[in-house]
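*Asks:* Line by line, the protein sequences give chains P and Z.
Residue numbering for the first sequence is 323 to 507, as defined by my numbering.
Residue numbering for the second sequence is 323 to 507, as defined by my numbering.
Everything labelled a hint here was simulated from the structure, so no lab data went into it.
Just to be clear, a hint being listed does not mean it is correct.
Any copy, or any two copies together, can satisfy a pair, since identical chains are not distinguished.
[Said to hold, decoys possible] In silico DSSO-like cross-links for lysine-lysine, where the CA-CA straight-line distance does not exceed 27 angstroms:
1) LYS369 / LYS445
2) LYS369 / LYS506
3) LYS506 / LYS398
4) LYS445 / LYS506
Here are the chains, one letter per residue:
Protein chains: 2
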Amino acid sequence: MRVSVPLRRAYKLINHGPTTLITSAAGGRRNVMSAAWVMALDFDPAKLVAVIAAGTFTRTLVTASGEFVVNVPTAKLLDTVYAAGQVSGLDEDKFAAYSLSTSEASIVGAPLLEDCAAWLECKVVPEAHMQERYDLFVADVVAAWADDASFVDGVWRFPRDEDRTLHHLSSGVFITSGDIVKAKS
Amino acid sequence: MRVSVPLRRAYKLINHGPTTLITSAAGGRRNVMSAAWVMALDFDPAKLVAVIAAGTFTRTLVTASGEFVVNVPTAKLLDTVYAAGQVSGLDEDKFAAYSLSTSEASIVGAPLLEDCAAWLECKVVPEAHMQERYDLFVADVVAAWADDASFVDGVWRFPRDEDRTLHHLSSGVFITSGDIVKAKS
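Take the sequences, apply the hints, and build the full model.
*Replies:* Spelled out as structure tokens, the structure:
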């Protein structure tokens with residue numbers, strides 16, 4: 323079940339470096355793209371950074387709306403995560419092409435994708451230099467959600483293989499999130 | 323064995339989101355700190371971003387030298403990765419405290435740590451606003467190295483559990499890099 327995550331804990335949803343799917347919407351159009359270059363930037367207020375390349379349809383929609391959602395897909399979406407990085411949403415509606423189910427976000431216009439383990443609703447912080455020079459977007463996390471079967475008491479668990487997160491290596495080869503180990507304190 | 327990685331492939335060394343150890347050196351002092359917030363920023367020329375908090379000894383050394391190394395530790399260094407995030411190198415030499423072996427980097431003054439799977443030698447790109455407002459450092463990757471038992475033909479393999487990379491969740495709980503899966507192309 324999707325449950326709200328306190329914003330000060332939102333960084334935990336991406337701290338282990340999963341590859342994400344970024345959804346966006348503006349002017350009646352929407353898109354989804356794969357994004358491995360997404361990282362937490364601050365705890366409280368919660369911020370993240372994401373690389374959104376110039377020339378992509380996602381860039382157009384994010385620039386127009388000032389919003390996006392970072393979805394953390396599970397292994398169920400393996401083929402989609404790879405495919406969504408290979409084609410442009412300008413040419414086709416990837417939600418229809420890949421039979422992706424969505425639901426409404428709580429604050430932003432971009433949709434939340436099903437078969438994900440976590441969702442971070444984001445509003446862009448205007449940083450023109452970083453966007454133009456590095457394709458790097460700073461964003462405030464304004465709402466965060468997780469699947470309570472996978473994210474329990476503020477820590478990830480992966481009860482089944484299909485619930486594991488995906489971490490892109492290259493060319494469609496991913497590693498899944500592995501075993502949990504604990505350091506001596 | 324440590325082998326050179328072409329710079330255009332350096333992003334692959336951190337694309338799966340491992341937690342890293344950042345080493346730095348200046349004026350006869352050196353330090354090592356844990357850093358989960360490190361991410362590739364560009365392919366060619368290779369760039370990355372890293373959050374290096376204000377007030378840390380690493381920040382002092384990186385600011386003084388304009389250099390650092392992103393080391394990608396294996397599970398052998400589990401306890402060290404956690405411990406190195408808990409104390410300041412201003413108070414003690416963490417290399418001695420944790421019995422860390424090092425070797426010289428090829429270009430920068432910061433050392434390379436043993437028991438790691440990859441190393442990215444970095445030179446800071448002067449971006450004062452990003453550093454001051456977000457503690458975010460942009461850097462050029464000027465040399466890259468990987469253990470050729472773990473990084474083979476441009477893709478990670480993890481032949482033994484102790485060779486897996488570490489991905490911090492929180493409070494000393496990590497996941498290790500898991501199984502390799504391939505998407506349909």
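*Asks:* Output the indices of the hints that this structure fails to meet, ascending.
*Replies:* Violated hints (numbers, rising): 2, 4; every other hint is consistent with the structure.
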